[in-house]
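**Student:** Whole structure, please, built from the sequences with the hints as guidance.
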Amino acid sequence: MSFGEEHRFRKRIVLKAFNHDGMESYLGSLQAVVRDTVARWCGPQQPVLVYPATREMSFQSAAASLLGIHSGGEDAQRVTILFQNMVDNLFSLPIKIPFGGLSKALQYRRSIDQWLEGHIKRKQRDIESGDVGTDALSRLVLAARDVGHDLSSQEIQDTAVELLFAGHETTSSAATSLIMHLALQPQVVQKVHEDLEKHGLLQPDQPLSLEQVGRLTYVGQVVKEVLRISPPIGGGFRTAQKTFELDGFQVPEGWTVTYSIRDTHESAENESSPEKFDPDRWAALSNGSRRRRHHYIPFGGGPRACAGKEFAKLQLKLLCVELVRTCRWELADGKVPAMTTIPVPRPVNGLPVRFTPCELQTNNTLSGVTTQSSASVAADHSSEVPAASHTPPKQEDFKAPCQIVMARKSEACGA
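Residue 126 in the UniProt record's numbering is what sits at position 126 of the sequence shown, and the numbering runs on without skipping anything.
Hints are computed from structural coordinates only; laboratory data are not their basis. Mixed in with the good hints there might be a few duds.
Unchecked claim - Simulated pairs of lysine to any residue, SDA-like, Cα-Cα distance not exceeding 25 Å:
#1 K16 with G118
#2 K191 with D205
#3 K242 with T256
#4 K104 with Q154
#5 K276 with V336
To be verified - Here are the computed distance ranges between Cβ atoms for each label pair:
#6 R293 with Q84: 35 to 45 Å
#7 G214 with T239: 32 to 42 Å
#8 S273 with E128: 55 to 65 Å
#9 E128 with T356: 44 to 54 Å
#10 F165 with C42: 25 to 35 Å
#11 N19 with P207: 18 to 28 Å
#12 H199 with R78: 39 to 49 Å
#13 E253 with D21: 34 to 44 Å
#14 K276 with C42: 25 to 35 Å
C-beta atoms are modelled at their ideal positions from N, C-alpha and C, and glycine is treated no differently.
**Tutor:** Right, here's the structure in full:
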C-alpha cells in the first residue's frame with residue numbers, strides 16, 4: 001500500500017487509464033465478454049450458478065481490458081487459475097505456517113508476479129517498437145512516461161494485481177446482486193426494456209458506444225440502486241491524522257477508524273424506505289432533491305476512492321442491457337438466498353438461476369414482447385416470487401463483518 005505523495009502520484013497515473021478515451025477503448029471487449037457469457041447461460045437446461053459464473057465473466061473482462069489478455073489462450077487460463085487460488089486463500093488466519101491459507105496465498109502471489117514480470121516486459125518492448133495496446137496496462141506505462149517517471153516493474157505489478165482484484169471480486173458480487181434483484185422485480189425489468197426501446201437499442205446484436213450507454217438513464221438508476229442496497233465492499237478504514245471528536249466521542253491521533261458502507265447508505269438522511277429496492281429514488285434526486293455527498297459511497301470516498309469505479313459501473317450497465325434484450329430469467333428455487341460476506345457479499349448457494357433466450361421474431365418482437373408496447377415484458381421476467389411479496393435480504397444477511405468501530409493503533413482491525 002502506498003501513502004502520501006507516492007499514493008497521489010500512482011492514483012493520477014491509474015486514473016489516466018480510466019479516462020473517456022480509455023473507457024471507449026475497453027467497451028468493445030467488455031460487451032463481447034458479457035454477450036458471450038449471457039449466451040452461454042441461456043444454453044443449458046439446468047440452472048446456472050450465477051456467482052461463480054459472474055466471477056469468471058468479471059475476470060475475463062478485467063484480464064482483457066486491463067492486461068490485454070484475451071480468453072481462450074494459455075496465458076488467460078494460467079492467470080485465471082493462479083488468481084482464483086490466491087483470492088480463495090487470501091482471507092485466512094494471519095499466521096504463516098506451511099500449507100496454511102496465508103502461505104498458499106503468498107505462493108500464488110509470487111507466481112502471479114513472476115508471470116506479470118514477463119508480461120510487462122513484453123508490453124514495454126511493444127511500446128518501444130510503436131505497437132501500443134489499448135489495454136489499461138499499456139496506458140499506465142505510457143501515462144507514467146508522459147509525466148517523466150517510469151514506474152518500476154514491482155509498482156506496475158502491484159497496480160495490476162490491485163486492478164484485477166478490484167475489477168473481479170467486487171464486480172462479480174455486484175453483478176450477482178443485479179441479477180437477483182431484477183429477477184425479483186419484474187416491473188423494474190419492464191422499465192429497463194422501455195429505456196432500451198426509447199433509444200432504439202433492443203436489437204440483441206447491436207454494438208454500443210459509450211455515448212449510447214450514457215443516455216440510458218434508467219439503466220444507470222438500476223446500477224446505482226444495486227450498489228446502494230447491496231454494496232460489494234463492506235467498508236473501509238482510515239488512520240486519524242489528529243485527535244478529533246465525533247458525536248461526543250474523542251478519537252485520538254493514530255487510531256484506526258473503520259466505517260460500514262451499507263450502514264452509511266441505510267442511515268442516510270432524507271432516504272425514503274432505504275430497505276426497498278427502488279431505482280426511481282434516483283430520478284427524484286436528479287429532479288432537485290438533495291443528497292449529501294457522503295451518503296452514497298459504494299466505491300469509498302476521498303483520495304482512496306476506487307479508481308476503476310467507472311469501469312465497474314460500465315460492466316454492470318452492459319450486463320443489465322444484454323440480459324434484458326436477449327433473455328428472461330428467474331430464481332431456480334423461487335426464494336431469496338442466504339448471504340455470506342467474506343471476501344465479498346454473495347449468496348451461500350451461488351444463486352441458481354434459469355435463463356431462457358428471447359427469440360427474435362418479426363416486427364421487432366422479442367419473445368412476445370413488442371417494441372411498440374413493453375407492457376408484457378414483466379410477465380416474461382416474472383419469477384416464482386411475486387413482485388408484491390419481494391422481501392430484500394435482511395440487514396444481517398449482508399452485514400459487513402466490521403461495523404463502525406475504532407481500534408487502537410496497536411490492535412488488529414477487522415476488514
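**Student:** Confirm or reject each hint.
**Tutor:** Hints, one by one, checked against the model:
{"no.": "1", "hint": "K16 with G118", "verdict": "holds, 23 Å"}
{"no.": "2", "hint": "K191 with D205", "verdict": "holds, 21 Å"}
{"no.": "3", "hint": "K242 with T256", "verdict": "holds, 11 Å"}
{"no.": "4", "hint": "K104 with Q154", "verdict": "holds, 20 Å"}
{"no.": "5", "hint": "K276 with V336", "verdict": "holds, 14 Å"}
{"no.": "6", "hint": "R293 with Q84: 35 to 45 Å", "verdict": "holds, 36 Å"}
{"no.": "7", "hint": "G214 with T239: 32 to 42 Å", "verdict": "holds, 37 Å"}
{"no.": "8", "hint": "S273 with E128: 55 to 65 Å", "verdict": "holds, 57 Å"}
{"no.": "9", "hint": "E128 with T356: 44 to 54 Å", "verdict": "holds, 50 Å"}
{"no.": "10", "hint": "F165 with C42: 25 to 35 Å", "verdict": "holds, 29 Å"}
{"no.": "11", "hint": "N19 with P207: 18 to 28 Å", "verdict": "holds, 21 Å"}
{"no.": "12", "hint": "H199 with R78: 39 to 49 Å", "verdict": "holds, 40 Å"}
{"no.": "13", "hint": "E253 with D21: 34 to 44 Å", "verdict": "holds, 42 Å"}
{"no.": "14", "hint": "K276 with C42: 25 to 35 Å", "verdict": "holds, 30 Å"}
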